[in-house]
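A.B. asks: Those protein sequences? They're chains A, B, C, D, E and F, same order as listed. For what it's worth, this note's numbering labels the leading residue of the first sequence as 1, then goes sequentially. For what it's worth, this note's numbering labels the leading residue of the second sequence as 162, then goes sequentially. For what it's worth, this note's numbering labels the leading residue of the third sequence as 323, then goes sequentially. For what it's worth, this note's numbering labels the leading residue of the fourth sequence as 484, then goes sequentially. For what it's worth, this note's numbering labels the leading residue of the fifth sequence as 645, then goes sequentially. For what it's worth, this note's numbering labels the leading residue of the sixth sequence as 806, then goes sequentially.
Wrong hints could be hidden among the right ones.
Stated by the list, open to error - Covered, in the sense of this in silico footprint (three residues per stretch, anywhere, with C-beta under 8 Å from a C-beta of chain B), are these stretches of chain C:
| # | stretch |
| --- | --- |
| 1 | 377-387 |
| 2 | 470-476 |
What the hints assert, rightly or not - Below, simulated BS3-like cross-link-like pairs (lysine-lysine); rule was C-alpha separation at most 27 Å, straight line:
| # | chain 1 | residue 1 | chain 2 | residue 2 |
| --- | --- | --- | --- | --- |
| 3 | B | K276 | B | K216 |
| 4 | D | K538 | C | K457 |
| 5 | F | K860 | A | K62 |
| 6 | C | K384 | D | K643 |
| 7 | D | K622 | C | K391 |
Read the hints as simulated data drawn from the structure, not as lab findings. Even for Gly, the Cβ is constructed at its ideal location relative to N, Cα and C.
6 protein chains.
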Amino acid sequence: MSEFRTRHAREHIDNEMVIIEVNLDDCSGETLSYTMDRLFAAGANDVYYTSIYMKKNRPAYKLSVLSDKKKQPLLEEIIFRETSSFGLRYYPVSCHRLGREFYQAETAYGEVSVKIGIYQGEPIKFSPEFEDCRKAAEKHNVSLQNVYDEAKSMATMHYKS
Amino acid sequence: MSEFRTRHAREHIDNEMVIIEVNLDDCSGETLSYTMDRLFAAGANDVYYTSIYMKKNRPAYKLSVLSDKKKQPLLEEIIFRETSSFGLRYYPVSCHRLGREFYQAETAYGEVSVKIGIYQGEPIKFSPEFEDCRKAAEKHNVSLQNVYDEAKSMATMHYKS
Amino acid sequence: MSEFRTRHAREHIDNEMVIIEVNLDDCSGETLSYTMDRLFAAGANDVYYTSIYMKKNRPAYKLSVLSDKKKQPLLEEIIFRETSSFGLRYYPVSCHRLGREFYQAETAYGEVSVKIGIYQGEPIKFSPEFEDCRKAAEKHNVSLQNVYDEAKSMATMHYKS
Amino acid sequence: MSEFRTRHAREHIDNEMVIIEVNLDDCSGETLSYTMDRLFAAGANDVYYTSIYMKKNRPAYKLSVLSDKKKQPLLEEIIFRETSSFGLRYYPVSCHRLGREFYQAETAYGEVSVKIGIYQGEPIKFSPEFEDCRKAAEKHNVSLQNVYDEAKSMATMHYKS
Amino acid sequence: MSEFRTRHAREHIDNEMVIIEVNLDDCSGETLSYTMDRLFAAGANDVYYTSIYMKKNRPAYKLSVLSDKKKQPLLEEIIFRETSSFGLRYYPVSCHRLGREFYQAETAYGEVSVKIGIYQGEPIKFSPEFEDCRKAAEKHNVSLQNVYDEAKSMATMHYKS
Amino acid sequence: MSEFRTRHAREHIDNEMVIIEVNLDDCSGETLSYTMDRLFAAGANDVYYTSIYMKKNRPAYKLSVLSDKKKQPLLEEIIFRETSSFGLRYYPVSCHRLGREFYQAETAYGEVSVKIGIYQGEPIKFSPEFEDCRKAAEKHNVSLQNVYDEAKSMATMHYKS
Numbered sequence: 001m002s003e004f005r006t007r008h009a010r011e012h013i014d015n016e017m018v019i020i021e022v023n024l025d026d027c028s029g030e031t032l033s034y035t036m037d038r039l040f041a042a043g044a045n046d047v048y049y050t051s052i053y054m055k056k057n058r059p060a061y062k063l064s065v066l067s068d069k070k071k072q073p074l075l076e077e078i079i080f081r082e083t084s085s086f087g088l089r090y091y092p093v094s095c096h097r098l099g100r101e102f103y104q105a106e107t108a109y110g111e112v113s114v115k116i117g118i119y120q121g122e123p124i125k126f127s128p129e130f131e132d133c134r135k136a137a138e139k140h141n142v143s144l145q146n147v148y149d150e151a152k153s154m155a156t157m158h159y160k161s
Numbered sequence: 162m163s164e165f166r167t168r169h170a171r172e173h174i175d176n177e178m179v180i181i182e183v184n185l186d187d188c189s190g191e192t193l194s195y196t197m198d199r200l201f202a203a204g205a206n207d208v209y210y211t212s213i214y215m216k217k218n219r220p221a222y223k224l225s226v227l228s229d230k231k232k233q234p235l236l237e238e239i240i241f242r243e244t245s246s247f248g249l250r251y252y253p254v255s256c257h258r259l260g261r262e263f264y265q266a267e268t269a270y271g272e273v274s275v276k277i278g279i280y281q282g283e284p285i286k287f288s289p290e291f292e293d294c295r296k297a298a299e300k301h302n303v304s305l306q307n308v309y310d311e312a313k314s315m316a317t318m319h320y321k322s
Numbered sequence: 323m324s325e326f327r328t329r330h331a332r333e334h335i336d337n338e339m340v341i342i343e344v345n346l347d348d349c350s351g352e353t354l355s356y357t358m359d360r361l362f363a364a365g366a367n368d369v370y371y372t373s374i375y376m377k378k379n380r381p382a383y384k385l386s387v388l389s390d391k392k393k394q395p396l397l398e399e400i401i402f403r404e405t406s407s408f409g410l411r412y413y414p415v416s417c418h419r420l421g422r423e424f425y426q427a428e429t430a431y432g433e434v435s436v437k438i439g440i441y442q443g444e445p446i447k448f449s450p451e452f453e454d455c456r457k458a459a460e461k462h463n464v465s466l467q468n469v470y471d472e473a474k475s476m477a478t479m480h481y482k483s
Numbered sequence: 484m485s486e487f488r489t490r491h492a493r494e495h496i497d498n499e500m501v502i503i504e505v506n507l508d509d510c511s512g513e514t515l516s517y518t519m520d521r522l523f524a525a526g527a528n529d530v531y532y533t534s535i536y537m538k539k540n541r542p543a544y545k546l547s548v549l550s551d552k553k554k555q556p557l558l559e560e561i562i563f564r565e566t567s568s569f570g571l572r573y574y575p576v577s578c579h580r581l582g583r584e585f586y587q588a589e590t591a592y593g594e595v596s597v598k599i600g601i602y603q604g605e606p607i608k609f610s611p612e613f614e615d616c617r618k619a620a621e622k623h624n625v626s627l628q629n630v631y632d633e634a635k636s637m638a639t640m641h642y643k644s
Numbered sequence: 645m646s647e648f649r650t651r652h653a654r655e656h657i658d659n660e661m662v663i664i665e666v667n668l669d670d671c672s673g674e675t676l677s678y679t680m681d682r683l684f685a686a687g688a689n690d691v692y693y694t695s696i697y698m699k700k701n702r703p704a705y706k707l708s709v710l711s712d713k714k715k716q717p718l719l720e721e722i723i724f725r726e727t728s729s730f731g732l733r734y735y736p737v738s739c740h741r742l743g744r745e746f747y748q749a750e751t752a753y754g755e756v757s758v759k760i761g762i763y764q765g766e767p768i769k770f771s772p773e774f775e776d777c778r779k780a781a782e783k784h785n786v787s788l789q790n791v792y793d794e795a796k797s798m799a800t801m802h803y804k805s
Numbered sequence: 806m807s808e809f810r811t812r813h814a815r816e817h818i819d820n821e822m823v824i825i826e827v828n829l830d831d832c833s834g835e836t837l838s839y840t841m842d843r844l845f846a847a848g849a850n851d852v853y854y855t856s857i858y859m860k861k862n863r864p865a866y867k868l869s870v871l872s873d874k875k876k877q878p879l880l881e882e883i884i885f886r887e888t889s890s891f892g893l894r895y896y897p898v899s900c901h902r903l904g905r906e907f908y909q910a911e912t913a914y915g916e917v918s919v920k921i922g923i924y925q926g927e928p929i930k931f932s933p934e935f936e937d938c939r940k941a942a943e944k945h946n947v948s949l950q951n952v953y954d955e956a957k958s959m960a961t962m963h964y965k966s
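Excised from the complex, chain A in its bound form (with noise of 0.2 Å):
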């Protein structure tokens, strides 16, 4: 099937996962930008900064780091070197990750990447890739919308029928 990418992953539940979090309340947006640049760089699963309202009236942002146990010492350090931050705090959680397929859906726009989420077996999800699509809408002078549209007709015709 070659439609179909290498890239393969089997619906599964992993329990060795941390989410790391700290409250900061004297870091720039920069540096907000640049930190999550780098935790993404070292590995993290996901980072995300979420505004919150703390002592003292001051407007703030915590930032969640969701990280494999096995790279926690690594993020912990870019979290302690980057950011405002003098401590942080972490619980285990577990993921629960659908199955991954791709297809290959040939748009009037040109081949755009629609990636499939696989739950118990069945294609439920029909996700095609931003940056292909945002390559086709500007190569085409088309909306985002007209190209990311077909593609997901295209995968889910191909799937359901």
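Fit chains B, C, D, E and F to the supplied structure of chain A, relying on the hints for placement.
C.D. replies: Same frame as chain A, now just chains B, C, D, E and F:
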């Protein structure tokens, strides 16, 4: 004591709860709202969204579901089928819940049910039911706050004296 | 009527107001809090922050200042000197303000001042002063809500009867 | 052309609109929700809340109402009566609205109305009505996204070919 | 003075600016990010998103675009083509911008450009360019904050002495 | 070394911590602020609020409290007595805290205490105490940033050389 509803719960701690979370950067607000309805209908104890900042400059929402562990598989299926998620995470939590009673306040705008919270045997919380207040306010063309304040005041006086 | 404070304001519309706004992506929460204090001290009518998503993945805050046009130059100087801003924007707004009176409620926890809002001659709003409630709650070791509810109830009864 | 609804609007600019805003730091979420319902029922074009950081460490919400200037007095009265506000502000805005048509898509899950947006004579937007999609999804026990995608795809093909 | 870049701007007020805003409840985070890029590329002065609460329980985002009035038609077309919007609103604003100069700081990690803000003839703001700091930090394997602090310190000393 | 305060803490991991959380949809901003003060006074390590979207279109806040497990019962009582909560949840977390020292910087605006963060024996963080900076800035009529930058620069030079 005819003024109390039959529904009653003692103060207790429940250790069999779980929080399920997933970050969503390609769901519309309509889908988020619909998913919340489906999760409540399937028995979730609580469902809420938090606005977060994800990679690649993407505004996104974190979905959080508080659930009994027994309902976790059903709620996970709804999340996978209705949202754009390819993976979710979860961790166990304990819940401490107050005892609950209901008092029927005979306000000038009609009967309003007031939920009473019991902490270590002491009634400390008096919360008029929103739907009762809303209906009374609309029927009598007064502000919601009017009805709410009177119902709360009557319940407080009943229990405190 | 000794129970009303001397401070009194009629309901009115003020067309000489302005909103000043600036997006800040490299200020710490401490600086934001300090700047708010400075702006209020210099006569701003209101100051608030909103969490926003700026370019290059930067979590940021929008500072909004509501001010009389006469105070605009002074407040702009504070913004330029205390924050990281290289530019700000502003636009004129009109304000519709209720008439205001004060009622002194003699609660079981001491005297609490209640601000009354007058809409077209009718008292419609009864707002106990937070600081009075806080002091009474701490002195008598009861919850803030207890004091607040009793003061509001007394003011409402005084005006409605 | 029986497939278009009678409701139709040409693309236009409306200069008689106003935004009314008020910062609320002592309203409950229940009151905010109820006030939104009242404002829509009274004819507001749009109503939304934004989480803001006010003085004295108070999490708060800004209420924003988009309205025709003729409805402003009625909407202001609702705000003053239902919320804790002692004052509000407003400023004029212009609205640019696309032309609108409706297409009835005959999907595998039943008829779904699709709103079409017309920009300078060109149909550029295809938005299936949420309520139609929700009912079809629940009746046929499929995900909302399934129904939405098919209806949008049919409308797009109808107009683009 | 070879250490100043040729780009230079005097402090001024610009009354020909406009804010364009639209509430989006059915756009994905990917679309929002792509739209921001398109708007900046087309000449918007600033683009940002704010998380808001819309009707029917829908988490949503408000898009705000600050623009010269001349560019308004082009930016409106991008918004209509790329987002789910059927209508947008706008209002005029004035911008007060500081004078700007650039200083090249010769730090231990290489040259870093520092933007200087001039308020009524006085240099009051010293803001190292993020990209210069990022490159220097990565090249010398030090924290971003190290480079930023040194560059700012050098610029401050140069102007204050 | 007279320039260090007596307070000192070694880098360590604390496994006896807990996060307590509760979603609040009928508390005013005043109550939220007062509750935060009470929780800090009773020994909470950290307290913060996050804006969330709850069911029935209700803007709400999540209260999060980081605490030593020994203080949990006391903090839960404050939450139950001061807020509208009928139930709360909690889960264990571990905290990783840097070593801490204090350096007294003799700035041109007076003495400012700087908190030093020690990571695996290396001083990596230099954080001037906000209150010292605020007082110095107000006394000498300079911007807060001026004082902060100078104190940080002096502490950094002391430790790095």
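A.B. asks: All hints, please: hold or fail.
C.D. replies: Results for each hint:
1. Only when three residues or more bring their CB closer than 8 Å to a CB of chain B does the claim for the stretch 377-387 of chain C stand; here the count is 4, and the claim holds.
2. Requiring three or more residues with a Cβ within less than 8 Å of a Cβ of chain B, the coverage given for the stretch 470-476 of chain C holds, as 3 such residues are present.
3. Straight-line distance between C-alpha atoms of K276 (chain B) and K216 (chain B) comes to about 43 Å, which puts the hinted pair past the 27 Å bound.
4. Note on K538 (chain D) and K457 (chain C): the hinted pairing holds, with a Cα-Cα distance of about 19 Å set against a maximum of 27 Å.
5. Restraint check for K860 (chain F) and K62 (chain A): the C-alpha separation of about 24 Å stays at or below 27 Å, so the hint holds.
6. Restraint check for K384 (chain C) and K643 (chain D): the C-alpha separation of about 41 Å exceeds 27 Å, so the hint is violated.
7. Using a Cα cut-off of 27 Å, the hinted pair K622 (chain D) and K391 (chain C) is violated, with the two alpha carbons roughly 58 Å apart.
Checked against the numbered hints given earlier, this structure breaks hints 3, 6, 7; the rest are met.
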